[in-house]
Amino acid sequence: MITAKLEEYAFGGLVAAIGVFTLVDATTIAARDDNVVGPRAFPYAVGVLLVVTGIVAIIATARGKLGEAEEGEDVDENVRTDWITVGKLVAVLIAHLVLIDLVGWPVAAALLFFGAAWTLGATWWRALPIAIVLALVVQVVFAYGLGLSLPAGIFEGVPFLDG
Amino acid sequence: MLMEGFATAAQPEYLLYALLGVTLGTAVGVLPGIGPAMTVALLLPLTYTLDPTAALIIFAGIYYGGMYGGSTTSILLNTPGESASIVTALEGNKMAKAGRGAAALATAAIGSFVAGTIATVLLTLLAPTIADVAVQLGPADYVALMVVAFTTVAALLGSSPVRGLASLGLGLFIGLIGTDTLSGQQRFTLGITTMADGIDVVVVAVGVFAVGEALYVASRLRHGPIEVVPIGGKWMTGEFWKRSWKPWLRGTFIGFPIGTVPAGGADVSTFLSYAAEKKLSKRPEEFGKGAIEGVAGPEAANNAAAAGVLVPLLTLGLPTTATAAVIVAAFQSYGIQPGPLLFTNNGPMVWALIASLYIGNVMLLVLNLPLVKIWVKVLQIPRPYLYAGILLFAALGTYAVNFVTDDLIVLLVIGVIGFFMRRHGYPVAPLVVGLILGPMAEEQVRRTLQISEGDLSALVTSPFAATAYGILVVLLVVTVVLRLRRKKSEVTV
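Chains as they are written, first to last, in this note's numbering: chain A, 1 to 163; chain B, 1001 to 1493.
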C-alpha cells in the first residue's frame, strides 16, 4: 500500500508539473500586445487547472483518499502488479517501432504479436505461426485492399507483399 | 427527408457497411479490453478512402453495437463488467447462474432494440428542431454549452471529481500542442517540427484506450480458464413479456433525456432505471437475486442514453462521451463540422446516417438474439492472443495515420500515462473529450472576446449562456445530493 501511495503522489505531481510547464512555456508564445485575447490566455487557464487539480489530488492522497483502480472483466483484483510483464510489453512495443524502419513492417508486426502473446502466457509454438500469418495477411490486405503500402522492408520487391 | 435517407441507407453497399459496423461493434462490446471509442479511432485512418456517409454509417453501427455486446458479457461472464453495464451484471449474472440466462439475454437484446428504436424516433423528431434553434446561438452560448459538457463529463461522472478534472486538463493540454489556428503561433511544440501539426486524435485515443488498457490488464491479468455461464432456461415466455415491457419503456424515457442533456451519459441512466424498477417492483425481494426487471430497465436506459447522446452531437457538435468525441473527430477529418448547420449543409448525409440507425437496430436484434452463441465463442478468445492483437492493431492504426514511427513513440508515452491513470482512478474519457472539445472551446472564447473587445462579461450575459450556467449549478447540486444518497444506500445494502 505504501508504494501505491507513493505512485499516487508521483502522478499528482506529474499533473501539477505539466501544469507548471504549461504556465512557463506559455510565456514564450509570441503574441501581439493588444486587448484582444491572444494565443496565451487559454494555455494559462489550462496550466492553472492542471496545477490546482494536481495539488488537490496530492492533498487527497495525503488524507488517505486513494484513487479507485479501474475494474474490468480480465482484471484480477487479488493479484499484485506484475511489473515484469508490463516492462516486457513496453520493450516489445519499442522493438516494434525500431524494427519497422530496419526490417520492414511484416517482421516488426509479427514480432510484436508474438512477443506480446508469449509475454502474456501463450505457448510459443502456437503464437509464432499465428503472428506470422497475421502480419502477412495485414500486409497484403493493406497493399491490395486499402491501397496503403506498409514498408515491406526485407520483403521489398516480393510480389503481393510489396504494394 | 428521412425517407430519402432510407433510400440512401438501403442501398446494398450502405447496408453492407451498416452490417460491418454493427458486427464489429457487437464484437468489441463483447470483448473486454476494447470498446467502441477505440475501435472508431483505429478505423479512422483506414476509412479515409471511403465516402463520409459510408464511414459514418460504420461508426454509428459500432457505437450502437458496442451497447448491445456489453450486456452479453456482463450476463454470461463470471466476472464484473464495464461501468455502463454494471447494473446489468448485478441481476443478469444472477439470472444466468440460476439457469435463466436465456431470458436475461432476451430481455437485454429486445429491451435494447425497443429503447434504441424509440430513442431514434425521438432523435429524428427533435434534432431538426433543435438545430433550427441552435443556428441562432452565438459564440458565448457555445462556450457555455462546452463548459457544461466539460463539467459533467469530468466532474460529475466517476468517483473522484478532482481526478476527472485533472484528466480533462491533460486532454486540454494535448489539444494545445501544435500551431494556434487564429494567430499561427506554435505552442508547446518544444521546437520539434513534427509537433507543429499537433498530436493526432487517433494516436491519443488509441494510446489511452488500447495501449493503456492492454498494459493495465497485463499488470493484473486474470489467469486460468474463462468461465462463461451456460445459457439456460426458456427464452421468452408469457411472464417474460409481462414483466419486461414496462421496464423497457420506463428505461427508455429515463435514458433518452439523460443522454441528451448532457447530464452524465449511460452510467447514471442505468443506476436511475435500476433504482426506479426496484422501487416500483411488486417483488423487491427478488432484486439482487436475479430480477428480470433489473436487466430490462437498465439495458433499455443504456441504449436510449446512447441515442440521446447523438442529439447534442449532431445538432450542436457537442460530444458528451469518449465515443461521441471520437466521432466528432471523424466528422472533422472529412472537413465536416457537426452542429446546427449540419442538417442544412449535409442534409442527405445526416438523414442517411439516422436511417442507418433504424436499420442497424434491426440487424443488432438478429445478431444478438438468434446468433448470440457466436459471441459466446468470441468471448472465449484466449486472453494472450486478444491483448497481443489489440497491441498489434493499435500500433498499426497509429502508424497508418502518417506512416512515421515518431507517432508510435507518442502512442507509447500516452499508453503509459493511460496505464497509470487506470491504476489511480483517473477516468480516461474526460481526456479524450477535452482533447477534441478544447480547441473548439478556445476558438469560441476568443471569438466572443473579439466581438466584445475584451469585455469578459460577454461570456455570461447572453440569456442562453446565463440559463446554461444556471442549469449547471442545479445539476451540480442534484449530483451532490444523489451521490450522498447513493453512498447511504450502499451502506444499507
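Since the hints were derived computationally from the structure, they do not count as laboratory data.
Predicted model only: the values in this text are computed from it and were never measured.
There could be a bad hint or two in this list.
[Claimed, not checked] A few chain B residues that face chain A, going by a derived Cβ cut-off under 8 Å, partial list only:
id, residue
1, Leu-1002
2, Phe-1006
3, Leu-1215
4, Phe-1287
5, Gly-1288
6, Thr-1405
7, Val-1410
8, Val-1413
9, His-1424
For each residue, glycine too, the CB sits at the ideal point set by N, CA and C.
Verification of the supplied hints:
no.: 1; hint: Leu-1002; in the structure: 32 Å, violated
no.: 2; hint: Phe-1006; in the structure: 29 Å, violated
no.: 3; hint: Leu-1215; in the structure: 5 Å, holds
no.: 4; hint: Phe-1287; in the structure: 21 Å, violated
no.: 5; hint: Gly-1288; in the structure: 19 Å, violated
no.: 6; hint: Thr-1405; in the structure: 5 Å, holds
no.: 7; hint: Val-1410; in the structure: 10 Å, violated
no.: 8; hint: Val-1413; in the structure: 10 Å, violated
no.: 9; hint: His-1424; in the structure: 4 Å, holds
Violation of the numbered hints given earlier is confined to hints 1, 2, 4, 5, 7 and 8; the remaining hints are satisfied by the structure.
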